[in-house]
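S.K.: Each chain, letter by letter, is given below.
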Amino acid sequence: MSKFNKKNKEELPKDYFVKFGEKMLNKTLEEELFDTADFPILNAVEKSKDFTIPNQYFENLKITKSNSKPKSFSLYRALAIAASILIVGILFTLSTKSDTGTEKQEIASLEELDYYLEDSDALELSDILELQELYSDELSNEFLLDDIDNEILIEYLLEESDAYDLVEIY
Amino acid sequence: MHKEDSEILQLLRNSSQYELGFSALVNKYKEPLYWHIRRMVMIHEDADDVLQNVFIKVYKSVGKFREEAKLYTWLYRIATNESLSFLRKRKMKYSNVELLADRLTVDPYFNGDKIQLALKEAIETLPPKQKQVFVLRYYDELGYKDLAEILESSVGSLKASYHHAYKKIEEYLTNMDVKV
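In order, the protein sequences belong to chains A and B.
Residue numbering for the first sequence follows my numbering, starting at 1 and increasing by one per position.
Residue numbering for the second sequence follows my numbering, starting at 1001 and increasing by one per position.
Chain A extracted, bound-state conformation:
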């Protein structure tokens, strides 16, 4: 038995086991996560011969390199870039400042609005709806207008407002 093993070792190619390990690693690396046989339609499609090219396309292919020389760094170029950055920076600062002014104005007017709203003793919509529900019967037109004489009503309107067209109301 020991004789058999020795003989086999001598017959192995050089670095067989090292190369075997690498080969196995590469095989695993390149192995798909799936079996392509599970995709019969895609497997049946012929890969080539679908796209063609004009005659002599590759032979006549010219790369137009106009204005595409590798860029070299010059002092002039650096100064131009620095100047552009400076101008953009100044413009940005100025625009930010003016924007802040407008925002402040807007905020001030919003604050004013809030102040007026808080100060107002006007009823909330919910309150109005609640009252309307409570006194719905009493607030009917019939109740309000039943016992009021037309003349009194006109007099009242004349006193309170000049916006009504009396002819129309009459």
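Be a bit skeptical, because a hint or two may be false.
[What the hints assert, rightly or not] For lysine-lysine, the following DSBU-like pairs were computed, each having C-alpha atoms within a straight-line distance of at most 30 Å:
1. B:K1145 / A:K19
2. A:K47 / B:K1003
3. B:K1091 / A:K65
4. A:K62 / B:K1120
5. B:K1091 / A:K49
6. B:K1064 / A:K65
7. A:K65 / B:K1168
8. B:K1167 / A:K65
9. B:K1145 / A:K27
10. B:K1091 / A:K47
11. B:K1168 / A:K47
12. B:K1114 / A:K49
13. B:K1145 / A:K23
14. B:K1168 / A:K62
15. B:K1028 / A:K62
16. B:K1120 / A:K47
17. B:K1145 / A:K47
18. B:K1070 / A:K27
19. B:K1060 / A:K62
20. B:K1114 / B:K1145
21. A:K27 / B:K1167
22. B:K1145 / A:K14
23. B:K1060 / B:K1070
24. B:K1003 / A:K65
The set of hints was computed from the structure by calculation and includes no laboratory data.
Nothing here was measured: the structure is a model prediction, and the numbers come from that model.
Put chain B on the given structure of chain A with help from the hints.
M.R.: Chain B only, in chain A's frame:
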């Protein structure tokens, strides 16, 4: 006979031989890059435009190329990014798959049959990452190691993307009632 990448890079590093090096690079890679771009953008004229842009980018920036990566993976990366950027712009003009199919059917440089046309449509529906993985693996037959370098992603995530792309395409073809 094409020059070795190391030879091309050596020429490119020498300013007096830069043009010679660039021309060697174009000669070696124009075909594989063209086909990669063509699979991504589908239309010949579009592929020609993108290929021009790729080589102009390479011309301008090959001096910055670090030899930590392989030259061809670096070139494929530029080609992939340029194709995706082109597709983003095209998507604004042609927003759906049908329009691309219409263009392909009248394209004199498309010889595909119904199944191949449906496959192109299916590829067009894929999200950008799955599309680039699918094209590089299925058509260009690149290994996951190279794919990981080109797309700067992990092998595991690329394998998952390829699987998803494969499944979506098969589903699309099944729904289209494609007979093989």
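S.K.: Hint by hint, say whether it matches the structure.
M.R.: Cross-check of the supplied hints:
For the hint pairing B:K1145 with A:K19, the CA-to-CA distance comes to about 18 Å; that is within 30 Å, so the pair holds. With a C-alpha separation of about 29 Å, the suggested pair A:K47 and B:K1003 falls inside the 30 Å cut-off, and the hint holds. Restraint check: the Cα-Cα separation between B:K1091 and A:K65 comes to about 27 Å, which is no more than 30 Å; the hinted pair holds. Only pairs whose Cα atoms come within 30 Å are accepted, and A:K62 paired with B:K1120 is accepted, the gap being roughly 28 Å.
As the CA atoms of B:K1091 and A:K49 are separated by approximately 26 Å, the hinted pair is consistent with the 30 Å bound. Of the pairs offered as hints, the one joining B:K1064 and A:K65 holds, with about 18 Å between alpha carbons and a cut-off of 30 Å not exceeded. Note on A:K65 and B:K1168: the hinted pairing is violated, with a Cα-Cα distance of about 40 Å set against a maximum of 30 Å. With a CA separation close to 42 Å, the supplied pair B:K1167 and A:K65 exceeds the 30 Å bound.
Among the hinted pairs, B:K1145 with A:K27 is consistent with the structure: their alpha-carbon atoms are about 11 Å apart, no more than 30 Å. Between B:K1091 and A:K47, the direct Cα distance comes to roughly 25 Å. Compliance with the 30 Å bound is thereby established for this hinted pair. Between B:K1168 and A:K47 the alpha-carbon distance is near 18 Å, which keeps this suggested pair within the 30 Å criterion. Between B:K1114 and A:K49, the direct Cα distance comes to roughly 13 Å. Compliance with the 30 Å bound is thereby established for this hinted pair.
Only pairs whose Cα atoms come within 30 Å are accepted, and B:K1145 paired with A:K23 is accepted, the gap being roughly 14 Å. As the CA atoms of B:K1168 and A:K62 are separated by approximately 38 Å, the hinted pair breaks the 30 Å bound. With a C-alpha separation of about 14 Å, the suggested pair B:K1028 and A:K62 falls inside the 30 Å cut-off, and the hint holds. Between B:K1120 and A:K47, the direct Cα distance comes to roughly 11 Å. Compliance with the 30 Å bound is thereby established for this hinted pair.
With a CA separation close to 23 Å, the supplied pair B:K1145 and A:K47 stays within the 30 Å bound. Distance hint between B:K1070 and A:K27 is fulfilled; the C-alpha atoms sit about 21 Å from each other, no more than 30 Å. Restraint check for B:K1060 and A:K62: satisfied, since their Cα atoms lie roughly 16 Å apart, inside the 30 Å limit. In summary, the hint linking B:K1114 to B:K1145 is not supported, as the alpha carbons are separated by about 34 Å, beyond the 30 Å threshold.
Distance hint between A:K27 and B:K1167 is fulfilled; the C-alpha atoms sit about 23 Å from each other, no more than 30 Å. Proposed proximity of B:K1145 and A:K14 is supported: the alpha carbons are some 26 Å apart, at most 30 Å. Distance hint between B:K1060 and B:K1070 is fulfilled; the C-alpha atoms sit about 18 Å from each other, no more than 30 Å. This hinted pair checks out: B:K1003 and A:K65 have alpha carbons roughly 22 Å apart, not beyond 30 Å.
When the structure is compared with the earlier hints, violations turn up for hints 7, 8, 14, 20 and for no others.
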